[in-house]
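S.K.: Next come the chains, spelled out residue by residue.
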Amino acid sequence: MFHLAQEVAGSNPRGWADVVRHDLIPVASAFAVWIGFLLSYRTTSGSRRRPEVRPTGRRAFRSLASTVVGGYLVFLFIIVVFYFALGGEAPSFLSQALGEGSLLAFGIVVPAFLGLSWLDQRGWLRLTRRRT
Amino acid sequence: MIGLVGWGIVVGGVLGYQGFCLLDNGDRWPALSDILRDVMRYPAGRWVLFGLWLWFGWHLFVRGWKFFLRA
Numbered sequence: 000m001f002h003l004a005q006e007v008a009g010s011n012p013r014g015w016a017d018v019v020r021h022d023l024i025p026v027a028s029a030f031a032v033w034i035g036f037l038l039s040y041r042t043t044s045g046s047r048r049r050p051e052v053r054p055t056g057r058r059a060f061r062s063l064a065s066t067v068v069g070g071y072l073v074f075l076f077i078i079v080v081f082y083f084a085l086g087g088e089a090p091s092f093l094s095q096a097l098g099e100g101s102l103l104a105f106g107i108v109v110p111a112f113l114g115l116s117w118l119d120q121r122g123w124l125r126l127t128r129r130r131t
Numbered sequence: 000m001i002g003l004v005g006w007g008i009v010v011g012g013v014l015g016y017q018g019f020c021l022l023d024n025g026d027r028w029p030a031l032s033d034i035l036r037d038v039m040r041y042p043a044g045r046w047v048l049f050g051l052w053l054w055f056g057w058h059l060f061v062r063g064w065k066f067f068l069r070a
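Top to bottom, those sequences are chains A and B. Here numbering that gives the first Met the number 0 is used: the first residue of the first sequence is 0, the next is one more, and so on. Here numbering that gives the first Met the number 0 is used: the first residue of the second sequence is 0, the next is one more, and so on.
These are calculated hints, taken from the structure and not from any lab test.
Computed footprint of chain B on chain A, listed as stretches where at least three residues anywhere in the stretch have a Cβ under 8 Å from a Cβ of chain B:
1. 55 to 68
2. 88 to 102
From the derived model, a few chain A residues whose C-beta atoms are all more than 12 Å from chain B:
3. N11
4. R13
5. G14
6. W15
7. A16
8. D17
9. V19
10. I24
11. A84
12. L118
13. R121
14. W123
Quick reminder that beta carbons are idealized off the backbone N, C-alpha and C, glycines included.
Start from the sequences and build out the full structure, keeping to the hints where you can.
M.R.: The structure is reproduced here in structure tokens:
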């Protein structure tokens with residue numbers, strides 16, 4: 000037998016409040032995000048055949064920085080709201096998660112993305128479709 | 000065990016839907032990749048997707064580990 004994770008928060012609910020905190024709000028939040036994706040698709044579906052614009056130079060750097068910083072803030076929000084506020088995790092868990100998230104985002108993802116993009120641009124690794 | 004079966008059904012359903020949409024020539028059923036591509040047109044969409052991706056990777060592979068060794 001193998002374990003996928005530690006003891007799951009809320010696995011032994013003591014009342015309705017626990018069910019709401021650990022089950023209802025997370026599932027409803029995930030559903031709301033999915034509905035947001037579908038609404039976004041619906042509003043832009045007329046333009047989905049439009050060719051993608053790939054920023055270059057300084058605009059590419061700004062776009063990457065915006066995505067990484069904004070995404071990291073979303074990650075922080077998830078940790079603080081769902082693990083700390085609703086999940087009842089200890090403050091030490093919070094600081095550990097934020098450190099691990101920083102390592103993942105800025106120490107692994109960004110260098111890997113930059114390295115793979117560089118290889119793709121040099122033509123040594125085909126990761127994107129080339130337009131003819 | 001029931002959790003693994005549940006997640007297997009969910010992931011199988013998602014992959015099956017994506018495969019069906021990619022094989023279907025019409026626009027009636029949008030593929031998940033089409034939906035995510037549209038979401039990524041907006042900065043806020045990119046932030047949410049990257050944040051969820053970070054959380055997913057952290058939740059599955061990093062949480063509770065100590066320097067690549069299980070705590």
